[in-house]
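Student: Each chain, letter by letter, is given below.
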Amino acid sequence: MKQLRQRYCIVGVGNTPYGKNPGVSALAHNVMAIHAAIEDAGLTTDQIDGVLTKAPTSTFPMLWAPRVAEALRVVPKVTGTLDQAGASNIGLIQYAIGALELDQANYIVCAYGDNPATGTRASYARPRGDSVVAGLFGAPSSYAMIAQRHMHEYGTTHEQLGNVAIAHRHHASMNSNAHFQDPITHEDYDHSRWVAEPFHLLDCCPVSDGGAAYIITSEERAKDLGKPLVYIDGIGQGHPSWDFFRRDDMMTSGAKVAGEMAFKSAGLGPKDIDFAEIYDCFTIVPLVTIEDYGFVEKGEGGAFYEDQRTHVGGEFPINTAGGLLSETGMPGTQLVVEAVRQLRGEGGERQVEGAEVGLVSQQGGIMTTHATMILSNGGA
Amino acid sequence: MADESLAPLAELLPAQTELNGPHLEGLAAGELRLQHCTQCGAYQYPPESFCFHCPSTDLEWKAVDGNGAVYSFIIVHQRYHPAFGDRLPYNVAVVELDEGPRMLSNVLDVEPDAVEIGMRVRARIETLGDEGAALFFERAAGA
Chain A
1 MKQLRQRYCI VGVGNTPYGK NPGVSALAHN VMAIHAAIED AGLTTDQIDG
51 VLTKAPTSTF PMLWAPRVAE ALRVVPKVTG TLDQAGASNI GLIQYAIGAL
101 ELDQANYIVC AYGDNPATGT RASYARPRGD SVVAGLFGAP SSYAMIAQRH
151 MHEYGTTHEQ LGNVAIAHRH HASMNSNAHF QDPITHEDYD HSRWVAEPFH
201 LLDCCPVSDG GAAYIITSEE RAKDLGKPLV YIDGIGQGHP SWDFFRRDDM
251 MTSGAKVAGE MAFKSAGLGP KDIDFAEIYD CFTIVPLVTI EDYGFVEKGE
301 GGAFYEDQRT HVGGEFPINT AGGLLSETGM PGTQLVVEAV RQLRGEGGER
351 QVEGAEVGLV SQQGGIMTTH ATMILSNGGA
Chain B
1 MADESLAPLA ELLPAQTELN GPHLEGLAAG ELRLQHCTQC GAYQYPPESF
51 CFHCPSTDLE WKAVDGNGAV YSFIIVHQRY HPAFGDRLPY NVAVVELDEG
101 PRMLSNVLDV EPDAVEIGMR VRARIETLGD EGAALFFERA AGA
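Order-wise, the sequence lines are chains A and B.
Our numbering applies: residue 1 is where the first sequence begins, and numbers increase by one.
Our numbering applies: residue 1 is where the second sequence begins, and numbers increase by one.
If you're looking for bench data, these hints aren't it; they were derived computationally from the structure.
Honestly, I wouldn't trust all of these hints.
[Claimed, not checked] These stretches of chain A come out as covered by chain B in the derived footprint (C-beta under 8 Å, 3 or more residues): (1) 146-158; (2) 190-196; (3) 244-258; (4) 310-319.
[Claimed, not checked] Some chain B residues flagged as far from chain A (calculated, every beta-carbon gap over 12 Å): (5) SER49; (6) ASN91; (7) GLU131.
Remember, predicted model here, so these are calculated numbers, not experimental data.
All residues carry an ideal CB built from backbone N, CA and C; glycine is no exception.
Work out the full structure: start from the sequences and follow the hints.
Tutor: This is the structure:
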């Protein structure tokens, strides 16, 4: 496998306010976030020649990326929308790298924006085909099924799931743009209503409005811009696919395959990672994911989240801005934005001291898709 | 033994198609019928025109006993759809049939907290509405 180290960079990141943005369409969320990323990079809109998107979850329109490009008044050389659900945001970067490698575009923006909190969210509670009479509605129910089995096999506890919600909220309390910023306790967690047992409401990410975007270019071009360099060192995908309950092993995510690929392409291993931004639509997901990346043994994810080990200032900070659980329920784009800010030293109160290498983990569906990216600042 | 609280589910029954027809007709006749691959011997659900395992297109329909065990389950407390309103909280279980396929269903006639992973269950087909029927499970005798 080829190594990717220090050839491509993320040069601009941007986002809208997260939470509830009434009157702001999915399209407007994309445009606002992209303009912020362009400004952050020190570029102008006419320099953007690639526009890649993940389609809004709430509506899933056709030909979405060209619509976003039109709204930006950009006529792109490279465009497209990727359907890997929450893993798309890294998948798009692989597509962008391909175009940059061929010298067919210079500055490619990847974006996501949606307004399910104040717009429609009908697609969030879709019943499941011929099995609809069983009453499995919504993503929480399916992930709760995975959590139940994980608790059974490995002894994962409610207290450990609660630790995930509490730790990520702790980070969001230092993030003035987070959807939820008030710290929570185990008592709050235990008393939040059941949604689909074993999940309380606080095991679930919110439904949020928001947009986020980032711009990819070559190292050469990145050096001409003003910001500290953030390199794409490693990238990988792995997709368990199919209905979650029909997989041989319901408790292993695509992090295993995607992680090995990303570590190989970076020439790094789990011990080289200083912090991680991990897709956390539900509390069980970061536990399964850190196990599958090899940060801990299988089944020990819950124990790892004890003793504030994942807090900023702890042994291995995870989800430094609050993740999906607290920063925004947006499916993954925000995790890339936060990793870049950490590697530039822009984390403020929640900055991970000495952060040089960060891992971004995304997945979609019901652990159906997975993508991993390793970013670094070259020790800057 | 019709369970009245299940009656509202009739409106959610799937439309009959070329593919699911034999399965639905089986349920209406009180039988669980699954596709069986004549090449590799695997049973499968949902139905397809090919075998998910081998991938032969030489499939036949067979009635099975419908015995299995709970692989995982949840207890739904949130009201997602009016047809389930009277049953809250209700369990949803992934049942692994002895023949192999995993089915998404409910274990009927048990208290929500009585369902356990590994619990032995058997198929229980309930008629819904005038012509429909659906697959549920109940605790196996002695389990």
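Student: Could you run down the list of hints and mark each one as holding or not?
Tutor: Cross-check of the supplied hints:
Three residues within the 8 Å Cβ limit are the bar, and the region 146-158 of chain A against chain B gives 4, so the coverage statement holds. Counting residues of the region 190-196 of chain A whose beta-carbon sits less than 8 Å from any beta-carbon of chain B gives 4, enough to reach three: the coverage restraint holds. By the rule of at least three residues with a Cβ nearer than 8 Å to a Cβ of chain B, the coverage given for the region 244-258 of chain A holds, with 3 such residues. With 0 residues bearing a CB less than 8 Å from a CB of chain B, the region 310-319 of chain A misses the requirement of three and the coverage assertion fails.
For SER49 (chain B), the requirement that its beta carbon stay farther than 12 Å from each beta carbon of chain A is met, with the minimum near 15 Å. Look at ASN91 (chain B): its CB is around 9 Å from the nearest CB on chain A, not clear of 12 Å, so calling it non-interface is violated. Listed as a non-interface residue, GLU131 (chain B) keeps its Cβ farther than 12 Å from every Cβ of chain A; the least gap is roughly 14 Å.
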